[in-house]
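S.K.: Each protein sequence line maps, in turn, to chains L and D. 1 is the number of the first residue of the first sequence in my numbering; add one for each residue after it. 1001 is the number of the first residue of the second sequence in my numbering; add one for each residue after it.
No lab work stands behind these hints, which were simulated from the structure alone. Heads up, some of the hints might be wrong.
Pairwise CB distance ranges, derived in the manner of DEER restraints [unchecked claim]: (1) D:A1165 x L:D151: 34 to 42 angstroms; (2) D:G1138 x L:A217: 32 to 40 angstroms; (3) L:E205 x D:T1092: 57 to 65 angstroms.
Nothing here was measured: the structure is a model prediction, and the numbers come from that model. Built from N, CA and C at the ideal position, the CB exists for glycine as well.
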Amino acid sequence: MKAAAFAYERPSDLKAALALMAGARGSTRIIAGGQSLGPMLNLRLVRPELLVDIAGLAELKQVDRGGDELVIGACVTHADIEDGRIPDVTRGAMRRVAASIAYRAVRNRGTIGGSLSHADPAADWVCALPALGAKIRLRSTRGLRELAIEDFITGALESALQEAEIVEAVRVPVMRPAARWGYVKACRKPGEFAHAIAAVLIDPESTGARVVVGAIAAPPIVLHDAAPLFGGRVTADFHRQFDARIADAMLAKAGVTNAADRHIHVAVLRRAIAEAAA
Amino acid sequence: MNTIGISVNGHAVTASVEPRTHLADFLRDHLNLTGTHLGCEHGVCGSCTLLLDDAPARSCITLAAACDRARVTTIEGLDDDEIAGELRAAFTREHALQCGYCTPGMIVSARDLVLRLDDADERAIRVGLSGNLCRCTGYVGIVRAVRSVIDDRRRRGIAPLPGAAREQLGPVGSTSSAGDGGPPAARPSARAGIEQRPAVTIPDFVPDRILEDHFTLASRPEEVFAMLGDVARVAACLPGVALTGNPTPKHVEGVIRVRLGPISTGFRGAARIERDPATMSGRIVGMGTDHHIRSSTRGEVRYRLLPVDAGTATRVEISVGYSMQGMLAQIAREGLVRGLAARLTAEFARNLERELSGAATGGPTRPAASIDGVALVFDRLRMFVREIFRRT
C-alpha cells in the first residue's frame, strides 16, 4: 500500500504552478488535499511521474463576495465551508452539504476544487453544486474559461479539464430568500460514498424547480426545469404533486436498469423534495 | 528527495523525504513515533488519524513532503493534553478499547469532538466517530466514554469551540503556520477557558529510587548558591547536557546524552527549577524521553548548601531521585544507575569547582561531552561472570 515513486513540486504561486503544468511532459497530476488521489496513489491505481501540489497556493484559498455570487477558491476545504469560515450565500445549504462529506479528518484537507476535478459521480459537490446553479472557473497559461458544473462533469471520474488546466474557483449564485432547498443522500454507513443523492432547489415564483439525481454510474442527471416531475407545473404544494413514475422512467432512461436501485433513487428524491417543502 | 522542516510534538524536525513517503510512514520509520497506527492505508479505517495544524487528518493519505512547515501532533504529543488525559481516563473506565490498535486515532478524533460538539448527543458522536473503525468493542464503550467527557466539560462550563478555533482557509498542514515566526499556537484546549499552561508541565512524582551524594567546593555558600541560579552555567557543568530554546530561571528545556556501554541515550525533555535562598536549597524536577530507545525518565535533584571551614567552603548535599519507563528500564538496574550517577556527580562537582574558580572559559557554549559508561558496564559484566562461576 505504498505509492510508486513520483517527482513532487510545490510551486510558490499560481503562475508558477501553471507554468509547471504547461511545461510538464508525461503524466502529471495536480494534488491539493489529496483525499481522493491519496488512496489511489497508495493503491498504485494512479502512477504519475510528477505531482504538482497546489494546496499551499494563497490565490486558491481566497473567497470573494461580489454582487450576486460568491467566488470560492479551489483549495477551500469542506471543513472551511462546514464551519462557516467563508461567507454563505446559500442560506445554510452548502454548510450542510459540506458537513456530510466523508469524515472530519477528510474534510479538514479535502477541497471543493479537488472534489470537482476528481469528478466522482457519487461526490457531494458534483451533485449539489449543479442544483445551486454554480459554475467552475478553469485557468491555464492559455487563459481562463468557465463552465456550468454539469457541463464540467463529463463522466465517471471524467471532466472537461484539459491538459495543463487548473480548477481556480467555483462561482456560487446567491440563493433567493423564497427558494426552497432539499439535499438527501443514502449511505450504508455515514461518510461512505452515497448510493443515491438528490438535490432539489425550488422557487415557484422565479426559476421553478431544479433537480439533480446523482450517485449513478454516470454524471448526475440535472433537470433545469423539473416541472414534469410535478405534473407539468411547479406550484406551492409541489411535494404533493411529485410523480414517482416520471422519476423512475427518467432513471431507466439514464441507464439505471436495476429496479431496486431505481427505487432507492426515487425514495431519496422524494425525501429531498419533502425536505424542500418542510 | 525533498527537504522538509516540520514541527512534531513541539520539536522542530528537518528531514529529507522521498516524495511518495506518507506522513505516517515518515513519523513511524524516520522518527520512531509508532503511536500513529496504519490499518488500511487508504484513508478508510482512521487508525492513522493525527493532528495536523491542530486539526485531525489522515496521515496515510497525506504526503510528508506536503507538510513542510506544518505542525504535527501525534498521540505521543498528547501525553500532557488536558482533553486527551480526560479521554484516556474515560476510555479506561468504560472499557473503550481491547486490542488498542484503533485507540490513537480514536482518541484524536474523539478529542476533536470534545472540542467542537455543543453537547454529548449520541448520534452526533457516532457520526463523528464513523471514520474510525474499531473491531473489538462494538463502539458502545467508546461512545459512552466520549459522551461522559463532553458532559463533564460542558457541566464545568467549558464551551464548545466551533471549528476548533481554526481561522485559516485551505487544507490543514498546507499553510506555513510553523514558519510564520509566531510561536506554535497553544492547543485549543488551553484556549477553552482554562488557565493558560506552559507548553510542557512537569508534575511532581514519587521517585522509584533515590541516591544521595555530597561534595565540597572551595567557595563560599553564597557564591555557590548564586552560581547554581545561573541555568546556563550550571548546564555547562552538567556532563552531557545541552540546552535548547531559551531557558528561564524557572524552566529549562534540553537534551541529556548518556552512554551506557553500547547504548547511547539522548533524553529530550524539560525541567522546573525551584530555589529557596533562606535555606540555601533548591530542587529541579525534570522529565525526558528518548524515542529511539523508547524510554522515558523522570528525575528530581534536591540540593542543600552547608558552610564548612568557617564559611569559606561549601558542602553540597544532593539527592537524586528517578523513575524510568520503557526499554531502558528493562536493563538499567539500580546498581548500574547508581554507578553511573556517582560518576556523573563527581564530574559535575569537578566542573563546578573549575567554573567557580574561573578556570573554565568555555561557558555554556562548550560542546556537551558524553558520559562513557563502557567501563561501568564491563565492571558489572566482570562481577556477573564471577558470580556465575561461584555458583557452579
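S.K.: Against the earlier hints, flag every one the structure doesn't satisfy and list their numbers going up.
M.R.: none
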